[in-house]
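Asks: So the protein sequences, as listed, match chains A and B. Residue numbers for the first sequence follow the numbering used here, beginning at 1 and rising by one. Residue numbers for the second sequence follow the numbering used here, beginning at 1 and rising by one.
Any given hint could be a false lead.
From the structure, some residues in chain A lie toward chain B, with a derived Cβ separation under 7 Å [said to hold, decoys possible]:
id	residue
1	60
2	62
3	83
4	88
5	99
6	100
7	101
8	102
9	105
10	109
11	112
12	113
13	117
14	145
Chain A is faced by these chain B residues, among others (derived, beta-carbon under 7 Å) [claimed, not checked]:
id	residue
15	33
16	147
17	150
18	153
19	154
20	160
21	164
22	166
23	208
24	212
25	213
26	214
Computed spacing ranges between beta-carbons, pair by pair [as the list claims (entries may be wrong)]:
id	chain 1	residue 1	chain 2	residue 2	range
27	B	160	A	17	22 to 28 Å
28	A	130	B	67	44 to 50 Å
29	A	207	B	93	46 to 52 Å
30	B	128	A	118	32 to 38 Å
31	A	10	B	56	57 to 63 Å
32	B	139	A	39	49 to 55 Å
33	B	60	A	10	54 to 60 Å
34	A	26	B	170	24 to 30 Å
35	B	260	A	67	56 to 62 Å
36	A	130	B	93	49 to 55 Å
37	A	69	B	15	54 to 60 Å
Just so you know, the hints here were simulated from the structure itself, not pulled from any lab data. Note that the Cβ used here is the ideal one computed from N, Cα and C, for glycine as well.
Listed here are the chains, written in short residue letters.
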Amino acid sequence: MTPPPFAMTDGPPFAMTDGRVRLDGREVLSGIDLRVESGDVLALTGPNGSGKSTLVRALLGLLPLSGGRTEIYGATPARFRDWARIGYVPQRLPMGGGVPATVREVVASGRTARQSRWRPASSADRAAVDRALEAVGLADRARDSAHLLSGGQQQRVLIARALAGEPEVIVMDEPNAGVDADNQRALARTLGMLTGEGRTVLLVLHELGPLEPLITRTVRLENGRIAAEARLRGADAASGPAGEPASGPASGPAAEETAGSLA
Amino acid sequence: MSNVLAYDFMRIALVMAVLIGLTAPAIGTFIVQRKLSLLGDGIGHIALTGIGLGLLTGTSPILGALVVTVLGALAIELLRARSRSGGDVALALLFYGGLAGGALLTQAQSGGTSLQSYLFGSISSVTMDDLYLVAGLAVAVLAIVAVFGRDLFLLCQDEELARAAGLRVRFLSVLIAVTAAVTVVIAMRAVGLLLVGALMIIPVAAAQQVARGFRATMLTAMVIGVLSAVSGLLSSFQYDLQPGPAIVLLALAVFLAAVAAGAALRRRRADAARTGHGGAAAPAGLPPHAAGVPADGGGPGAAPVAACGPAAEAGACGPGGTAARGPEGRHDVEAEAEVLGK
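Given only the sequences and the hints, what does the whole structure look like? Please build it.
Replies: The following block contains the structure:
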């Protein structure tokens with residue numbers, strides 16, 4: 001089952017087996033088995049403090065595991081090299097020390113994993129940045145300082161930043177937190193476009209909200225463990241419950257329960 | 001002007017001032033963004049020990065300072081990365097140790113006058129050999145900024161994003177610290193070790209008042225750096241002042257002017273935003289950028305748009321809504337971002 005440690009086998013985007021994370025001496029995640037397959041639109045749900053963001057960061061290798069194993073496309077995060085395949089959207093625009101950066105500069109930094117250090121930005125780079133700005137509807141704000149935008153717009157800047165890298169997988173940490181309804185709908189449209197292109201999406205969501213029709217799988221965390229998993233088949237046609245479909249056996253014929261890593 | 005250039009030492013000093021004015025703000029932009037504004041100061045303290053060692057061993061004080069500051073920068077970065085809480089104290093110990101050690105070593109060598117000249121700068125004593133060395137170092141710093149600029153930008157924005165882009169975060173962090181150390185050595189002869197950090201920070205602080213982007217901030221800071229270094233040097237020659245303090249005070253004057261200019265600039269941009277692109281340019285289907293977004297009040301550029309609404313006539317809004325200033329706007333956004341981050 002486990003791939004040879006040194007080969008760059010092309011596994012699924014993310015695969016964690018018996019993943020454990022300790023923070024400040026407390027086990028925040030325990031016994032996590034999760035495979036994210038290509039084409040999944042997976043929503044990680046659960047109450048505050050259940051470990052959703054921790055899990056995402058552990059999957060990306062940003063937090064070390066205290067036990068178990070996690071792989072990105074078949075390689076451990078330390079050995080994984082093809083970071084251009086992954087687009088990460090953190091919860092908020094990092095503010096740093098307050099040196100301003102334009103929206104375009106922030107978005108263009110999403111190309112870093114694809115660029116050679118020794119060459120200036122190519123026309124392909126610029127075109128990708130243009131497309132990403134268009135996709136989130138911020139093309140007219142490209143020359144403005146990013147930190148002067150509203151929270152919802154900053155969220156869109158970060159999404160555009162990830163899109164600019166043209167990744168196969170997009171990982172978003174609570175893209176709807178503190179964002180108004182208009183920006184949430186804009187996000188749903190952008191996401192619809194991405195899933196239409198067959199990209200893999202991993203979302204941390206407090207509630208599914210307007211994104212629900214796009215979600216194909218939900219994984220619910222509670223107290224650092226996977227409490228429930230549900231597969232919502234046939235995205236739009238799913239007649240699943242409106243609120244938190246993964247909180248128990250999802251009703252309706254379109255949803256089926258799957259257990260742990262059997263998914 | 002021509003009589004200034006008649007002196008050899010002034011020609012050397014002027015070239016040096018230009019090199020300092022270019023390099024210090026270039027690396028300083030990254031340092032400010034990383035919230036390490038006092039890094040240059042700390043390295044300056046450590047450099048003194050290197051100067052002392054250089055004098056003691058009869059080699060060039062610049063070379064001594066270079067070796068010791070680079071080692072010091074490595075130690076600083078190691079301490080910063082290793083410890084979350086104890087690093088602060090460890091840094092202070094390193095800085096004071098460097099300063100005290102340097103003071104003793106230089107005193108043992110040549111009495112107090114030499115120490116004074118290193119602490120506050122003495123550009124007239126710079127030789128041609130020193131200039132070659134400094135020029136080489138300046139080229140190295142600018143080359144590092146040019147080649148690694150994109151990576152460093154991402155690193156200074158957010159370490160996690162940098163790691164998720166596959167960048168070697170530790171290497172880049174060390175690179176910034178070492179480049180800062182080299183810059184300290186470049187600037188120390190002219191500005192003095194106690195004021196070396198000022199030229200890394202003040203031009204950047206001035207530039208970020210008026211610039212909207214990172215690259216623009218860096219280029220503006222470099223212009224400000226060169227202007228204040230050269231004019232500070234000339235006025236120190238004219239009025240027989242120490243060049244270091246003169247350069248730093250001029251840079252501070254530019255900073256104050258930039259604060260005023262920045263406020264005026266933001267007011268004009270706010271006006272333009274109100275009359276110009278008040279949401280009309282947003283693509284169909286997407287909300288106009290100002291509509292009902294709670295944090296818009298935080299940004300000075302956006303404030304009047306939010307106040308008036310994209311549909312309102314420009315005249316109905318009045319010029320009153322533009323009072324927000326930069327730092328405040330930034331605080332608002334930060335506060336809001338914290339809310340987002342739970």
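Asks: Each hint should be assessed against the structure and marked as holding or not.
Replies: Here is how each hint holds up against the structure:
1. 60: Holds. Min distance 5 Å.
2. 62: With a minimum Cβ separation of about 5 Å from chain B (threshold 7 Å), the hint on residue 62 of chain A holds.
3. 83: 3 Å, holds
4. 88: 4 Å, holds
5. 99: 4 Å, holds
6. 100: 6 Å, holds
7. 101: 4 Å, holds
8. 102: 4 Å, holds
9. 105: Constraint on residue 105 of chain A satisfied, holds at 5 Å.
10. 109: Holds, about 5 Å.
11. 112: Since the shortest Cβ distance to chain B is 5 Å, the answer is holds.
12. 113: At 4 Å from the nearest chain B Cβ, residue 113 of chain A passes the 7 Å test, so the hint holds.
13. 117: The hint holds - residue 117 of chain A has a Cβ within 7 Å of chain B, the shortest such distance being about 6 Å.
14. 145: Holds: closest Cβ of chain B sits about 5 Å from residue 145 of chain A, inside 7 Å.
15. 33: Holds, about 4 Å.
16. 147: Holds, about 6 Å.
17. 150: 5 Å, holds
18. 153: 6 Å, holds
19. 154: 5 Å, holds
20. 160: 5 Å, holds
21. 164: Because about 4 Å separates residue 164 of chain B from the closest Cβ in chain A, which is inside the 7 Å limit, the hint holds.
22. 166: 3 Å, holds
23. 208: 5 Å, holds
24. 212: 5 Å, holds
25. 213: 4 Å, holds
26. 214: Status holds, d = 4 Å.
27. B/160 / A/17: 22 to 28 Å: 24 Å, holds
28. A/130 / B/67: 44 to 50 Å: 47 Å, holds
29. A/207 / B/93: 46 to 52 Å: 50 Å, holds
30. B/128 / A/118: 32 to 38 Å: Hint holds: Cβ distance 33 Å, inside 32 to 38 Å.
31. A/10 / B/56: 57 to 63 Å: 60 Å, holds
32. B/139 / A/39: 49 to 55 Å: Roughly 50 Å apart at Cβ, these two residues keep to the hinted range, so it holds.
33. B/60 / A/10: 54 to 60 Å: The hint (54 to 60 Å, Cβ to Cβ) holds, given that residue 60 of chain B and residue 10 of chain A are roughly 55 Å apart.
34. A/26 / B/170: 24 to 30 Å: 26 Å, holds
35. B/260 / A/67: 56 to 62 Å: 58 Å, holds
36. A/130 / B/93: 49 to 55 Å: 50 Å, holds
37. A/69 / B/15: 54 to 60 Å: Holds, at about 58 Å.
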